[in-house]
Amino acid sequence: MSAAAPSVRERLFGSVGNTLLTVAMLGLFVTYLPSLLRWAVFDATWWAASPATCRAMGGACWAFVHEKLRLILFGRYPFEEQWRPFAALLLTIMLVLASCSLRFGARAVIAGWLLGIPAVIVLMRGGVLGLSFVATDLWGGLPLTVFLAVGGILGAFPLAIALALGRRSQLGIIRGVCVIFIEMVRGVPLVSVLFMASFMIPLFLPGKLQIDALLRALIAITLFSAAYLAEAIRGGLQAVPAGQEQAAKALGLGYWQTSLLVVVPQALRLAVPAIANLFIGLFKDTSLVGIVGLTDLLLATKQALGDPQWRSFSLEGYLFVALLYVAFCSFISHYSRALEKRLQRQVV
Amino acid sequence: MSVVAIAPTRVARGWNDPSFRALATQVIVLAVLAGTVAFLATNLVGNLEARSIRTGFGFIWQAAGFEIGQSFIAYGASASFGRALLVGLLNTLVVAVLGIVLSTLAGFVIGIASLSRNPLVSPLARLYVELVRNTPLLLQLYLWYAVLTQMLPAASAAPQLLPGVYLAKSGLHFPVLQHGAGLILVAALVGLVAFAGHGLWARRRAELTGAPAKLWPGLLLLLLPLAAVALDLAATTSFDMPRPTRFGFSGGGMITPELTALLIGLSLYNAAFIGEILRAGILSVSRGQLEAAAALGLTRGQALRLVVIPQAMKVAVPPLASQYLNLAKNTSLAIAIGYPDLMSIGNTIINQTGQAVEVIAILMSVYLTISLAISAFMNWYNSRVALKGAS
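Same order as they appear, the protein sequences are chains W and L. The first sequence: position 179 = 179 (this note's numbering), numbered continuously. The second sequence: position 167 = 167 (this note's numbering), numbered continuously.
Hints are computed from structural coordinates only; laboratory data are not their basis. Do not take every clue at face value.
Here are the simulated lysine to any residue pairs, SDA-like style, with alpha carbons at most 20 angstroms apart [what the hints assert, rightly or not]:
id	chain 1	residue 1	chain 2	residue 2
1	W	Lys249	L	Val147
2	W	Lys208	L	Leu44
3	L	Lys169	L	Leu183
4	W	Lys208	L	Arg204
5	L	Lys214	L	Arg204
6	W	Lys341	W	Ile174
7	W	Lys341	W	Asn277
8	L	Lys169	L	Thr149
9	W	Lys249	W	Val264
10	W	Lys249	L	Lys169
11	L	Lys214	L	Phe239
12	W	Lys208	L	Leu89
13	W	Lys68	W	Asn277
14	W	Lys249	L	Asp17
15	W	Lys208	L	Thr36
16	W	Lys208	L	Val45
17	W	Lys249	L	Arg204
18	L	Lys169	W	Gly306
19	W	Lys208	L	Ile53
20	L	Lys169	L	Asn47
21	W	Lys208	L	Gly46
22	L	Lys314	L	Ala295
Here are the computed distance ranges between Cβ atoms for each label pair [stated by the list, open to error]:
id	chain 1	residue 1	chain 2	residue 2	range
23	W	His334	L	Arg117	23 to 29 angstroms
24	W	Arg70	L	Arg126	33 to 39 angstroms
25	L	Ala63	W	Gly130	21 to 27 angstroms
26	L	Thr369	W	Asn277	23 to 29 angstroms
27	W	Leu253	L	Val27	40 to 46 angstroms
28	W	Val30	L	Gly288	40 to 46 angstroms
29	L	Ala63	W	Val122	24 to 30 angstroms
30	W	Leu215	L	Thr369	26 to 32 angstroms
31	L	Arg117	W	Leu253	52 to 58 angstroms
32	W	Ala24	L	Val193	35 to 41 angstroms
Just so you know, these numbers come straight off a predicted model, no measurement behind them. Note that CB positions come from ideal geometry on N, CA and C, so glycine has one too.
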């Protein structure tokens with residue numbers, strides 16, 4: 001490793017090993033890239049409505065995506081009403097962006113969500129304002145994925161802050177309860193928590209009170225992400241200088257005032273990268289609700305592929321959904337990095 | 001932090017007394033918890049009675065009555081639910097262990113490739129990491145499963161990956177040893193003992209003479225007995241080779257497409273994360289360390305092995321541990337592609353017996369035990385690689 005940056009030529013052919021590596025890579029490109037391009041672009045069928053055309057062309061069948069787009073994006077939600085999940089999805093995304101933009105104060109953000117959540121529910125569920133009623137088991141696709149991820153993390157925040165503070169509490173019993181909850185939830189797979197919610201919540205509630213499958217999955221996701229979020233926030237809490245707490249105490253603030261007004265806000269700010277990672281993980285993990293029968297983006301795609309006519313084009317279907325996930329997840333990670341920078345500038 | 005105790009001017013009483021307040025808070029929290037648990041338990045008992053579900057773990061001894069596609073121990077439909085769970089547990093453990101090994105190997109390749117100075121290699125590794133980390137594991141499993149079951153040719157046209165190793169719609173077919181499995185095991189054990197013995201001797205010699213220990217004689221000792229046995233076996237040809245026929249393969253060993261897809265999916269997914277962890281670990285070692293090693297006359301290989309990697313591992317082991325934990329828990333996604341792991345067999349049993357509470361309690365405690373075992377092992381390993389004397 002020399003101090004000066006080596007030239008491209010040196011980096012390609014600088015040593016025997018590197019030359020071999022370069023030749024091997026070029027060989028790989030030459031062998032596979034043309035056939036890959038031919039499959040994905042040149043021999044691909046883009047718009048034809050029949051699978052027979054795709055087979056005749058021999059390449060990728062992107063026409064499948066075109067044909068089943070609304071089923072993939074919205075699941076079994078009634079066809080004519082699909083503007084409603086679309087509007088609810090846009091509203092949710094706008095609320096998330098507005099909340100993270102730092103342009104609005106905490107009160108405005110909370111008010112936004114207090115108005116926004118009922119609006120989303122009314123849009124999706126209907127039954128009032130002349131909107132026809134749509135039961136939750138017909139909700140599906142991309143909106144469901146986004147609702148579960150956003151709902152899960154929003155619901156997890158209060159619980160996670162309580163757990164993180166509890167884990168650092170001086171009170172032995174409270175600390176014990178929080179540690180047991182966090183470690184137990186983190187030690188088991190999300191699938192098992194989803195199973196527990198779907199099989200056991202009905203058994204644990206009084207006979208007459210029943211919770212529908214979507215809400216049960218949301219409860220499972222909330223409890224699960226709360227345990228992980230609590231650890232992310234605890235990391236932030238540990239990084240807040242002890243002087244902050246001491247100064248707040250010296251000013252005469254009590255435990256709750258010190259924690260909620262001085263320590264927790266700083267901890268959350270420090271935990272932004274960890275929280276963004278968690279949110280990306282959660283966004284991907286919502287796909288597991290398909291295992292307990294909710295038609296999220298992934299299961300909707302799988303169902304679209306269940307059409308015997310189009311069954312042989314799974315690769316195209318899954319690649320398209322993969323691109324959607326990549327777009328969402330990389331947007332979140334880039335946005336969080338920008339947010340982190342802005343937050344740092346604010347502190348200084 | 002030094003705290004100067006100041007005598008209180010007034011004795012705090014009741015709610016203003018911190019110690020009383022602490023006690024009261026804890027009592028209230030405990031009472032609320034106990035109340036919630038009691039409420040849920042009462043409902044549970046009532047609901048189970050109303051649905052006439054028998055409680056208790058007695059069902060474990062009843063005949064399961066369902067077949068399991070893949071089992072590493074003897075199992076038939078007349079075996080008990082308990083044995084079915086054991087089959088599931090073994091299937092889960094096999095995937096977890098193989099997955100950890102494979103993803104670590106692939107992760108090393110990805111990590112080193114993304115640090116490569118070759119401008120063709122590192123962007124490709126970065127692209128791989130970005131794509132894999134930003135899509136759900138479940139999606140990748142579906143994709144691999146679809147590729148393996150729909151796009152691969154049938155037996156007669158199956159591609160031969162290695163001599164005798166075929167990849168077809170029906171799964172991965174490979175030759176199996178008919179005789180001499182014991183011999184190989186013995187050779188592997190002898191090799192391991194020789195490797196460990198040489199390692200200890202080389203370390204002591206290195207401490208005495210200051211000459212750095214060499215790795216290759218140990219590796220040679222590890223592989224020599226195996227090579228000897230392999231040569232001997234090759235002479236007596238005791239392999240059961242898979243033969244493609246019109247209706248599938250006859251002979252040889254087989255891994256089902258479910259297990260193949262699960263192993264490929266889990267390993268490639270976790271490899272992206274492990275690669276990033278190793279990259280961060282290696283980058284955390286300051287440049288000066290390498291320069292100092294070079295100044296001492298160590299070769300680049302020695303510098304990596306003796307200076308950089310030990311320090312990189314110190315940073316990498318804790319996140320590596322949580323990645324292994326994730327992998328072990330993610331084996332539960334097997335249920336989505338029909339590999340009979342613990343979770344999927346538990347699900348079948350719940351649907352047959354209705355005993356959700358007991359089965360989920362068993363599942364969760366087994367996964368908790370696996371997680372605790374992995375984290376205990378990694379903590380032990382971490383304490384070994386951590387800098388001596390550092391906190």
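Now for the hints, and whether the structure bears them out:
no. : hint                                    : verdict
1   : W:Lys249 - L:Val147                     : 62 angstroms, violated
2   : W:Lys208 - L:Leu44                      : 13 angstroms, holds
3   : L:Lys169 - L:Leu183                     : 33 angstroms, violated
4   : W:Lys208 - L:Arg204                     : 73 angstroms, violated
5   : L:Lys214 - L:Arg204                     : 12 angstroms, holds
6   : W:Lys341 - W:Ile174                     : 36 angstroms, violated
7   : W:Lys341 - W:Asn277                     : 16 angstroms, holds
8   : L:Lys169 - L:Thr149                     : 5 angstroms, holds
9   : W:Lys249 - W:Val264                     : 15 angstroms, holds
10  : W:Lys249 - L:Lys169                     : 68 angstroms, violated
11  : L:Lys214 - L:Phe239                     : 36 angstroms, violated
12  : W:Lys208 - L:Leu89                      : 37 angstroms, violated
13  : W:Lys68 - W:Asn277                      : 31 angstroms, violated
14  : W:Lys249 - L:Asp17                      : 16 angstroms, holds
15  : W:Lys208 - L:Thr36                      : 18 angstroms, holds
16  : W:Lys208 - L:Val45                      : 15 angstroms, holds
17  : W:Lys249 - L:Arg204                     : 56 angstroms, violated
18  : L:Lys169 - W:Gly306                     : 19 angstroms, holds
19  : W:Lys208 - L:Ile53                      : 18 angstroms, holds
20  : L:Lys169 - L:Asn47                      : 46 angstroms, violated
21  : W:Lys208 - L:Gly46                      : 12 angstroms, holds
22  : L:Lys314 - L:Ala295                     : 23 angstroms, violated
23  : W:His334 - L:Arg117: 23 to 29 angstroms : 26 angstroms, holds
24  : W:Arg70 - L:Arg126: 33 to 39 angstroms  : 35 angstroms, holds
25  : L:Ala63 - W:Gly130: 21 to 27 angstroms  : 57 angstroms, violated
26  : L:Thr369 - W:Asn277: 23 to 29 angstroms : 27 angstroms, holds
27  : W:Leu253 - L:Val27: 40 to 46 angstroms  : 25 angstroms, violated
28  : W:Val30 - L:Gly288: 40 to 46 angstroms  : 41 angstroms, holds
29  : L:Ala63 - W:Val122: 24 to 30 angstroms  : 52 angstroms, violated
30  : W:Leu215 - L:Thr369: 26 to 32 angstroms : 31 angstroms, holds
31  : L:Arg117 - W:Leu253: 52 to 58 angstroms : 54 angstroms, holds
32  : W:Ala24 - L:Val193: 35 to 41 angstroms  : 37 angstroms, holds
Violated hints, in rising order: 1, 3, 4, 6, 10, 11, 12, 13, 17, 20, 22, 25, 27, 29; the structure is consistent with all others.
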